[in-house]
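Asker: All chains, full assembly: derive it from the sequences and hints.
There are 2 protein chains.
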Amino acid sequence: MSKNLSALPSIKSKVAEMVTPTAEERAAVDRIAREVCTRAEAAAERHGIRVRAEIEGSVAKDTWIASDRDLDVFIIFPEGTPIQMVKGKGLEIAKEAAGKGWKLGYAEHPYVEGNIKGFRVDIVPSIEMRKGDRPTTSVDRTPLHTDFVKSKADSTLRSEIRILKQFMKGIGVYGAELRVGGFSGYLCELLVLGYGSFEGVLKAVSRWKEGEVVEVAGGAAQKSNMKGTLLYVPDPVDLRRNAAAAVTANAYASFIAASRAFLGSPDEKFFFPPRPKISSADLVKMLNEKESLIMGISFKCPAVPSDILWGELNKSLSRMAKAIEGEGFQVLDSAAWSDEAEIAYFLFELDRATLPNWRSHTGPMVYLAAESDNFLSKYLKNEDVVSGPYIRGSRWCVDLRRRFTSIEEIIRKDLPRMGISKHVADSLSRGFDLILGESLGTAASSNKELLAYLYDFVRKKPAWLQ
Amino acid sequence: MSKNLSALPSIKSKVAEMVTPTAEERAAVDRIAREVCTRAEAAAERHGIRVRAEIEGSVAKDTWIASDRDLDVFIIFPEGTPIQMVKGKGLEIAKEAAGKGWKLGYAEHPYVEGNIKGFRVDIVPSIEMRKGDRPTTSVDRTPLHTDFVKSKADSTLRSEIRILKQFMKGIGVYGAELRVGGFSGYLCELLVLGYGSFEGVLKAVSRWKEGEVVEVAGGAAQKSNMKGTLLYVPDPVDLRRNAAAAVTANAYASFIAASRAFLGSPDEKFFFPPRPKISSADLVKMLNEKESLIMGISFKCPAVPSDILWGELNKSLSRMAKAIEGEGFQVLDSAAWSDEAEIAYFLFELDRATLPNWRSHTGPMVYLAAESDNFLSKYLKNEDVVSGPYIRGSRWCVDLRRRFTSIEEIIRKDLPRMGISKHVADSLSRGFDLILGESLGTAASSNKELLAYLYDFVRKKPAWLQ
Chain A
1 MSKNLSALPS IKSKVAEMVT PTAEERAAVD RIAREVCTRA EAAAERHGIR
51 VRAEIEGSVA KDTWIASDRD LDVFIIFPEG TPIQMVKGKG LEIAKEAAGK
101 GWKLGYAEHP YVEGNIKGFR VDIVPSIEMR KGDRPTTSVD RTPLHTDFVK
151 SKADSTLRSE IRILKQFMKG IGVYGAELRV GGFSGYLCEL LVLGYGSFEG
201 VLKAVSRWKE GEVVEVAGGA AQKSNMKGTL LYVPDPVDLR RNAAAAVTAN
251 AYASFIAASR AFLGSPDEKF FFPPRPKISS ADLVKMLNEK ESLIMGISFK
301 CPAVPSDILW GELNKSLSRM AKAIEGEGFQ VLDSAAWSDE AEIAYFLFEL
351 DRATLPNWRS HTGPMVYLAA ESDNFLSKYL KNEDVVSGPY IRGSRWCVDL
401 RRRFTSIEEI IRKDLPRMGI SKHVADSLSR GFDLILGESL GTAASSNKEL
451 LAYLYDFVRK KPAWLQ
Chain B
1 MSKNLSALPS IKSKVAEMVT PTAEERAAVD RIAREVCTRA EAAAERHGIR
51 VRAEIEGSVA KDTWIASDRD LDVFIIFPEG TPIQMVKGKG LEIAKEAAGK
101 GWKLGYAEHP YVEGNIKGFR VDIVPSIEMR KGDRPTTSVD RTPLHTDFVK
151 SKADSTLRSE IRILKQFMKG IGVYGAELRV GGFSGYLCEL LVLGYGSFEG
201 VLKAVSRWKE GEVVEVAGGA AQKSNMKGTL LYVPDPVDLR RNAAAAVTAN
251 AYASFIAASR AFLGSPDEKF FFPPRPKISS ADLVKMLNEK ESLIMGISFK
301 CPAVPSDILW GELNKSLSRM AKAIEGEGFQ VLDSAAWSDE AEIAYFLFEL
351 DRATLPNWRS HTGPMVYLAA ESDNFLSKYL KNEDVVSGPY IRGSRWCVDL
401 RRRFTSIEEI IRKDLPRMGI SKHVADSLSR GFDLILGESL GTAASSNKEL
451 LAYLYDFVRK KPAWLQ
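Taken in sequence, the protein lines are chains A and B. Following UniProt numbering, the residues of the first sequence are numbered contiguously, the last one being 466. Following UniProt numbering, the residues of the second sequence are numbered contiguously, the last one being 466.
Among these hints, one or two may not hold up.
Since the list can't tell identical chains apart, any single copy or any two copies may satisfy a pair.
Simulated pairs of lysine-lysine, DSS-like, Cα-Cα distance not exceeding 25 angstroms [said to hold, decoys possible]:
1) K89 / K413
2) K203 / K269
3) K227 / K422
4) K322 / K381
5) K381 / K277
6) K461 / K378
7) K290 / K378
These are calculated hints, taken from the structure and not from any lab test.
Answerer: Right, here's the structure in full:
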């Protein structure tokens, strides 16, 4: 496997150089963060509340990578504070700390997203917890994660963490948010702490199987949590929690495959994948050449926080795929895309655009007398019957006329009945565009990100395999 | 269920009248049969061999129905005669007994098919056996079957047997030959002996489930024979044998469904189903309206005995269906048809005529390192790859260009590689016609039987359900 590992040190140092923030960048981030903390504590004082405002996450741990423009500030209420107080007063304080132009974020728990000098600053109210306690809300663990990593990671390990994060970013599996379904920053940190180095992680990962249990940095596995998980990494700060719960099958497999490929032939492209410049005309040509039907449904992106948006998009997508397959099409591929602001797309690749005007319908076993009688009385004089009823093997069957024969008709008439999630359904009910085949290339012409996404959807090969 | 059973007696007497041979018919058959026996015994004497020539089957048992033009004459060698003698001298004697125009028949065992005054006379050499013995060849049991039924069936039961046979004929399940896969004459006789009357049989059958064991007329079931059979009727003459072994799932289910329907509403149409007069133009119209693709492959019928022909046709058909599905089509229905002399047809109903120019190919789990490496080295730089390789779920996949995209191409190029049986393959290699959609209606215009068969193939509804 490791023929060219001699190239590894120079690749790592190049990557490290690119992802380690400069002294100026650090100073800028630090200034912003301290400003927000000060404002938060001042606001709390005005409300007559005693809280601690603290920088958390990768900035506090000094494991952030230069391209990240995210910053976490926590407003920490004392142990035992009622959750309603945190949700009410905590949010007030967060808004005041954010300054102008904030918006509300919401995962399981409300917080404020501020935009300060090009940085996205998440200001999150939480409740103090101690190692081993049960958290009141899931964010309460974050300060403990910060402390844990700060206490374990020296500057060498921090550099290894940055390199791993950039690797995950390059192969598209960095981030626990639903949009990615990949590996959180904290999980990257745990893996490096456990395996000691970037290549230590990759060597272990390249041998991962399904249902891997990784006990790193004092995280002892609890058997009851292991069932049915793809990857189980006990959180050293709260052993009941699987730090890898968000990792999807695709992200897991991609990380394994990419680790193996990288160790076989280390290359910078894993960290910084080349993005081909793709024009609308190129995409039209590609779509034209592929004889399957690629279909897009574009609509206004619902104004909901990112994780809610992607939860709804993913659920709606899989229900639509099921409904379309139920009609008799083969769904060869499907995906959701959104800029999280203006537009969202459902994408489907189907084996065809239209179906024959009937489908075969299988009824009861001939042996079941009552069921057979029902079947026959239902279909013997039914206008939708094209052929039959007839017996095939041991069962009654009948060929029935279809309501719709084109995918276009099905989408236009049946979309509301496909089990679409609430906010997406609301948006779709206000209108959508149905775009078939090469027209997708034209429709995406003004949106570079969408063009790139569609290119990947058609080409399918991961960038690190090119 | 039995609302209108009051109509039953008059229907039965009408049917009995139509199927019971007249005195003249009996006399004619008797004359022919005795003539053949006399000729056989004379021929044996010329060869210096002592045999017994005997009328067997439904004529001997007086259970034949008027429309049947079949007659069995057995040349019975004494117990212990070597099988080679039977196959050699026996066949010689049979040929001499047949007179002009005979041809060789062959099931498991050679015999002679004579054509005498419009009757098909099977002249079959066999070896005497006694009840309970193991037969040397399967035909050796026939004289015991004749004796058994003659000893049990009085004229009332013989009439019931005739009515049941005509019922089975009407619904298309009469005959154990491979073409039908249904109920032999002897099995009909056993059922009537067991259940006492035509309606006794139907009442029992309408309650049959899968794996029915029917011990009639002293046939005690042997457990070792029961496994996995749909219907097990121990032969009272040889308990090791299942007299219902030839019954296919379709024939079994059809008999049950028709029995139930008949008892619910007795009608002559079950015995003499109306055959709509269908023209080539009607069929063209029907084929045109059905948006699936109906395809016929017509070729010269191989000159082999009926059971060999149908064995090969059925086996070839199911292999072709498998191959066609393997290419990506849905086989909605398939059938073989032949006049057993001039032509044979394979018929397929497919969901479409062409496929997209590529198909998805699923590779190994990403976890399997060696298999993944093989997969990648095979497809990374392969000209047949349209998209990918990519990861879906936990597996490597790749979209590959198809060799052929139309069913026409596939049949023309790949038919020889579909596992066609010998004689059929020989015939196909000498040429075939591929006939698609409505052209089938035109191609069948001069053949009434084929027209009727195609009509059924498209319409699918059994005649007794119309």
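Asker: Is it within, between, both, or neither for K89 and K413, if the alpha carbons may be no more than 25 angstroms apart?
Answerer: neither (47 angstroms within a copy, 77 angstroms between copies)
Asker: Since the copies are identical, ignore which copy is meant and state whether K461 and K378 lie within 25 angstroms (CA to CA) inside a copy, between copies, both or neither.
Answerer: between (49 angstroms within a copy, 15 angstroms between copies)
Asker: Please sort K290 with K378 into within, between, both or neither, judging by C-alpha distance up to 25 angstroms.
Answerer: between (42 angstroms within a copy, 22 angstroms between copies)
Asker: Given a CA cutoff of 25 angstroms, do K203 and K269 count as a within-copy pair, a between-copy pair, both, or neither?
Answerer: within (18 angstroms within a copy, 76 angstroms between copies)
Asker: Up to 25 angstroms between alpha-carbons, please classify K227 paired with K422: within, between, both or neither.
Answerer: Cα proximity of K227 and K422: none, with 31 angstroms in one copy and 54 angstroms across.
Asker: Give the relationship of K381 and K277 under a CA distance limit of 25 angstroms: within one copy only, between copies only, both, or neither.
Answerer: For K381 and K277, only the inter-copy Cα distance (22 angstroms) is at most 25 angstroms; the intra-copy one is 60 angstroms.
Asker: How would you label the pair K322, K381 (within, between, both, or neither) given a Cα cut-off of 25 angstroms?
Answerer: Neither: 30 angstroms inside a copy, 34 angstroms across copies.
Violated hints, in rising order: 1, 3 and 4; the structure is consistent with all others.
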